[in-house]
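There are 2 protein chains.
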Amino acid sequence: MKTVVWETLSDSQKEAVLERPAISDGAAIGDAVNDVINLVRKDGDAALKALTMQFDNVEPESVAVTTAEVDAAVARLGQGIKDALQQAYNNITCFHRAQKPQPVRVETMPGVTCELITRPIERVGLYIPGGSAPLPSTVLMLGVPSQIAGCQKVVLCSPPPIADEILYVARLCGITEIYNVGGAQAIAAMAYGTESVAKVDKIFGPGNAYVTEAKQQVSNDHKGAAIDMPAGPSEVLVIADTYANPDFIAADLLSQAEHGPDSQVVLLTPCMAMAEKVASAVSEQLTVLSRAEIAKQALGSSVIIIAEDLEECVEISNRYGPEHLIVQTEFPSELLPLLDNAGSIFLGAWSPESVGDYASGTNHVLPTYGYTRTYSSLGLADFSKRMTVQKLTPEGLERLAPTVETMADAEGLDAHRNAVTVRVKALQAAKEAREEA
Amino acid sequence: MKTVVWETLSDSQKEAVLERPAISDGAAIGDAVNDVINLVRKDGDAALKALTMQFDNVEPESVAVTTAEVDAAVARLGQGIKDALQQAYNNITCFHRAQKPQPVRVETMPGVTCELITRPIERVGLYIPGGSAPLPSTVLMLGVPSQIAGCQKVVLCSPPPIADEILYVARLCGITEIYNVGGAQAIAAMAYGTESVAKVDKIFGPGNAYVTEAKQQVSNDHKGAAIDMPAGPSEVLVIADTYANPDFIAADLLSQAEHGPDSQVVLLTPCMAMAEKVASAVSEQLTVLSRAEIAKQALGSSVIIIAEDLEECVEISNRYGPEHLIVQTEFPSELLPLLDNAGSIFLGAWSPESVGDYASGTNHVLPTYGYTRTYSSLGLADFSKRMTVQKLTPEGLERLAPTVETMADAEGLDAHRNAVTVRVKALQAAKEAREEA
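Sequence order for the protein chains is A and B. For what it's worth, our numbering labels the leading residue of the first sequence as 14, then goes sequentially. For what it's worth, our numbering labels the leading residue of the second sequence as 14, then goes sequentially.
Okay, chain A solo, but in the shape it has when bound (with noise of 0.2 Å):
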């Protein structure tokens, strides 16, 4: 890891030192994506079994998993990791739970009431990217909060052979609808639909580079599906103060370099000599580590920047906006109220990021790439939407109807004002007829 002291940093030394490094997407693969999707769209599950075979190089029986696929693999699955998993379950379920929005009504003025209701997303789709292990944890991050929304229908696709850990955490989160598909096609498959995959109005969850083309090339069809965010390589970002423990922080740095070469790493501290300790420590704990090298080539691309103070620390930190935050001060919580753009924080030493990625409760689906400026960390509102609601009273109607009629005039929409004048004149026609009477 290369160390640069911030202050010596001309501007644009500072910005290039925060670039994060361009997305090689090219042409290529948005051709190469989008004749998959047209693919899928023309021969639905045949398409779906010859793409499967060219891609994952395996013939599934059927492009569903039956029950007693379901059932054989929870069987198999050892004690342990079934404790492991429903613990996470328990925890993330306990914090998605307690997102449930609060009801919101108020009388605006007398007699006009408003509303904000909340409505699960009828239909969504779960993508779990398979590659060199199994990842049940993202089958918790998005099963649990579209359990908890209330989904009506709720679809997994993932490449075959899917892993037992992966079909044990779909039965807890009470998924029935899992294909073996995997890649561009799936999300092709979940956004159209095919004779054995049903249509969904959003897809969630990570994938390589042909997924994300495929999740932005259907959201940008109506006719496709919505997506949760996104995407770009994991990050961490540590800030430290001469009080870290920086085999702590080494450690932690090196969970998140693991996950991939073009992994985002990078430690702000005040402290030389801090610096120092923790880029030995990472280069001790390295030696041992079955993903070294993808690590290593992560952390070629990575940066430890020297701060005047903690404060400047933060200041960097909010410009880069990482995906994780972790906060190894003397006093973390006071630094809380200053940190913005982050998708997680995880405050002091007890608190590295492993523990969100798999079980304190905290969702691991998170906006990166600097996405954090605008983005939220994946909740249960991504699995809902919100619509609102007015009645007024007839009183309501007249109190309101000389602004609402005044309003109209000065867009010049005549219409508008008449929906209003024909009801308050309605209403004053009631009124006359009664004193008449």
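In short, the hints are calculated from the structure, not lab data. Fair warning: there could be bad hints in the mix.
It does not matter which identical chain is meant; a pair holds if it fits inside one copy or across any two.
[Stated by the list, open to error] Simulated crosslink set (DSS-like; lysine-lysine; CA at most 30 Å straight-line): (1) 236 with 27; (2) 27 with 166; (3) 55 with 236; (4) 438 with 27; (5) 15 with 236; (6) 444 with 290; (7) 55 with 212; (8) 27 with 55; (9) 166 with 55.
None of the values given here were measured: they were computed from a predicted structure.
Since chain A is already given, all that's left is putting chain B on it; use the hints.
Only chain B this time, still in chain A's reference frame:
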């Protein structure tokens, strides 16, 4: 308006009746907008001035509107419209303030605390269209929540000359950065910044096909800006039973139809006599409207659907997912729990759409074109973002450690496991040291 009887339709006819007209956004618009964006990125203010001359045929003295110009606009404006705008501002403020989220903080396990915190989006851009009449109501709908959320920088762009009403509302909402620029060039300026116009993180507001395309393009570029929601033509759907007043319904349908020739208008009723009365009231009211020609075109592609009963009306409405949903039935609140997929709902005879368009307190920026299935009515949440926070005590970490270690093993992520293990070992070592002492 054509009338169809739902039960006589085949499945594909039903689909066709509820189909929105295709938006002809073709490649031509895409290329033109892309050119404008590139020009603004290259030439900044100079490009804005040239494009404003080209498209709006005016040459403002400066890109920025001065405080003196706003002062003059405020002085010119009549008291009647000021009072109306102030009343609308008060009601919209009341309802959006009520949307402030409750803090979420739970202990998912003893010693494991998780929080959901909210931060304003730092820099937002508001786009206010020009055209035949000024739209101060849209400034209210975007300006009020940005003010309540506490966004630090709020930029407003609108094609010159900017109406006094718009400048007045901008001042009510505390907006001081106002620019004489409209169209795709305004979106480009806010997404990337120019010498005069500050770059923002997220852009809000309606617009024509060019503005919509520009928003889409900048939101697909991670150096651009996020946007509020995808756009489509405005829509209303009315559910009415025999107790409804056909004159009121006709006025509501027309207030939607006058928006534009592509506006969508649907009436759902189980009562054929009501359908006929509404159709005849529409013809009658149409004759006196200043925007009758626009309304007539919109009505050409609109439809009255005769359903079996109110339950079927609800089903069809949920399937269509209207932007505005007006319920004029004997007991409108009883239908509310069944209603899904709508932007804003207007309950009962005294709640015309125009009260929500202007002043009841609800927001008039709503998902349309079927996006109600997944997108929310614009609200306070769109001007902020949610971050999660976790803090573990040493005991909390020890309690959670076996879960995280087991899951990290299952996912083959050594370093994730190690970030926990290194801490647990340190705690054990400290405990042993204490015991020895």
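So, going through the hints one by one against the coordinates:
1. Within a single copy, residue 236 and residue 27 get their C-alpha atoms only as close as 43 Å, which misses the 30 Å cut-off; across copies the closest is 17 Å, which meets it.
2. Within a single copy, residue 27 and residue 166 get their C-alpha atoms only as close as 47 Å, which misses the 30 Å cut-off; across copies the closest is 23 Å, which meets it.
3. When the C-alpha separation of residue 55 and residue 236 is checked against a cutoff of 30 Å, the pair qualifies only within one copy, where the shortest distance is 15 Å, while the shortest distance between copies is 35 Å.
4. Taking identical chains as interchangeable, the C-alpha atoms of residue 438 and residue 27 are never at most 30 Å apart, the minima being 66 Å within one chain and 38 Å between chains.
5. With identical chains, the CA atoms of residue 15 and residue 236 are at most 30 Å apart between copies only, with a shortest distance of 26 Å across copies and 47 Å within one.
6. For the homomeric pair residue 444 and residue 290, the shortest alpha-carbon distance between copies (24 Å) is at most 30 Å, but the shortest distance inside one copy (84 Å) is not.
7. In this assembly of identical chains, residue 55 and residue 212 lie within 30 Å of each other by CA distance solely inside one copy; the values are 14 Å within and 42 Å between copies.
8. When the C-alpha separation of residue 27 and residue 55 is checked against a cutoff of 30 Å, the pair qualifies only between copies, where the shortest distance is 23 Å, while the shortest distance within a copy is 49 Å.
9. Proximity of residue 166 to residue 55 under the C-alpha cut-off of 30 Å is restricted to the intra-copy arrangement: shortest distance 24 Å within a copy versus 47 Å between copies.
Taken one by one, the earlier hints fail for this structure only at number 4.
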